[in-house]
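Peer 1: Residue-level listing of the chains:
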Amino acid sequence: MVKEEAGGLPDSDLVRLAKEGDREALDELCTRHIASVFRVCRGFLGDDDEAADATQDCFVKAVRALPRFRGDASFRTWLLTIASNEAKGVFRKRKRRAEQALESAGPLVSAKPEAGDVTALKQEAEQARVMVAELPDKQRRAVTLRIDEGLSFKEIGEVIGSSEGAARVNYHHGIRRLREMMI
Amino acid sequence: MNANGCDRVKELLAPWVREELSAADRRFVEEHVAGCEECRAEASLVRALHAGVPIMPDDLTARVTASIATTPLRRRVWMSPQLAAAAIVVLALGTAVVWRQPPGDGNGVLAEEPLALTWPTDDGFIAGVAMLDDLSDEALAELLEELGG
Ligand SMILES: [Zn+2]
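From first to last, the protein sequence lines are chains D and L. The opening residue of the first sequence carries number 1 in my numbering; numbering runs sequentially from there. The opening residue of the second sequence carries number 1001 in my numbering; numbering runs sequentially from there.
Simulated from the structure, these hints should not be mistaken for laboratory data. Do not rely on the hints blindly, as some may be mistaken.
Claimed, not checked - Computed far set for chain D versus chain L, every beta-carbon distance over 12 Å: (1) S12; (2) D13; (3) A35; (4) G46; (5) A52; (6) D148.
To be verified - Example chain D residues on the side facing chain L (calculated, C-beta under 10 Å, incomplete): (7) L9; (8) P10; (9) E20; (10) V37; (11) D48; (12) D57; (13) C58; (14) F59; (15) V60; (16) S163; (17) G165; (18) V169.
What the hints assert, rightly or not - Using 30 Å as the maximum straight-line C-alpha spacing, the simulated DSS-like pairs for lysine-lysine come out as follows: (19) D:K19 - L:K1010; (20) D:K93 - L:K1010; (21) D:K138 - D:K154; (22) L:K1010 - D:K138; (23) D:K122 - L:K1010.
Using N, Cα and C, we set each Cβ at its ideal position, and we do this for glycine too.
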């Protein structure tokens, strides 16, 4: 579900240009996808600074690996796979405690509350994001890739290394577990 | 899908909260949620999760574009069987620089850029060969397959 910017070249053209050494194409790919990469890393790490570092490392690795990107998956899916693996590596190394995610919870966006109880929704949102950190790896990634990035289950499967069906199951199990935890 | 459409609604909650649904699907979800306590609870959770989506720091794009501006854009490299064998030995034994050899040139003229660096990392893993730890699982598998062939 890649949304192309109006008037911009599609990712596939930018990737081809970047492979030929076009730095502007590379910058455009970065600008287009950096927020998604950041959110994937942030979802894993629960910390803005760590997520920013992981985002930077992800892009450096993606640039280095670009000659080997063949376009079987979309560039976005491929990039988010690298981001996901990068964040997972950092997460494992630092063995962060869940409460740190709470302490460093970022600002909230687009709450769209019905009646205007922003505070209650903010608290609920913070609690929900902290609970996400408690989910098993594939459930956590399926939930955040679906809700934060709008990926299809097929694309989620490509990122987490599973079938479309397993990605769907991981998402629904994750949501069910979150509901149990939020009660 | 169950008779009441709960399964279908639950599939649509993420695109619903992201405002990506068609008008018809959106109406379907909202009418269902209004009358179904189970789906209303799930919609509430999905909305809360979406409300907590993290925001990227303003300066990150500039920082990352500056960082990749100095990252070499490598071209896909051809690897001779001899070079592949050398890379495997290097992987097994330790640190080395493997130089790129242009295709069709069997005389071993060294290219300007190293193909790969390898070294053992602190935790005992091997880093390098087009930066092994830089590669996705798929790309790594591809590289190893190439080395093996
Ligand atoms: Zn229902």
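Peer 1: Evaluate each hint against the coordinates.
Peer 2: Structure-based check of all given hints:
{"no.": "1", "hint": "S12", "verdict": "holds, 17 Å"}
{"no.": "2", "hint": "D13", "verdict": "holds, 16 Å"}
{"no.": "3", "hint": "A35", "verdict": "violated, 5 Å"}
{"no.": "4", "hint": "G46", "verdict": "violated, 9 Å"}
{"no.": "5", "hint": "A52", "verdict": "violated, 5 Å"}
{"no.": "6", "hint": "D148", "verdict": "violated, 5 Å"}
{"no.": "7", "hint": "L9", "verdict": "violated, 17 Å"}
{"no.": "8", "hint": "P10", "verdict": "violated, 19 Å"}
{"no.": "9", "hint": "E20", "verdict": "holds, 9 Å"}
{"no.": "10", "hint": "V37", "verdict": "holds, 9 Å"}
{"no.": "11", "hint": "D48", "verdict": "holds, 6 Å"}
{"no.": "12", "hint": "D57", "verdict": "holds, 9 Å"}
{"no.": "13", "hint": "C58", "verdict": "holds, 9 Å"}
{"no.": "14", "hint": "F59", "verdict": "holds, 5 Å"}
{"no.": "15", "hint": "V60", "verdict": "holds, 5 Å"}
{"no.": "16", "hint": "S163", "verdict": "violated, 15 Å"}
{"no.": "17", "hint": "G165", "verdict": "violated, 13 Å"}
{"no.": "18", "hint": "V169", "verdict": "violated, 12 Å"}
{"no.": "19", "hint": "D:K19 - L:K1010", "verdict": "violated, 40 Å"}
{"no.": "20", "hint": "D:K93 - L:K1010", "verdict": "violated, 35 Å"}
{"no.": "21", "hint": "D:K138 - D:K154", "verdict": "holds, 14 Å"}
{"no.": "22", "hint": "L:K1010 - D:K138", "verdict": "holds, 19 Å"}
{"no.": "23", "hint": "D:K122 - L:K1010", "verdict": "holds, 22 Å"}
Hint compliance for this structure: hints 3, 4, 5, 6, 7, 8, 16, 17, 18, 19 and 20 are not met, and every other hint is.
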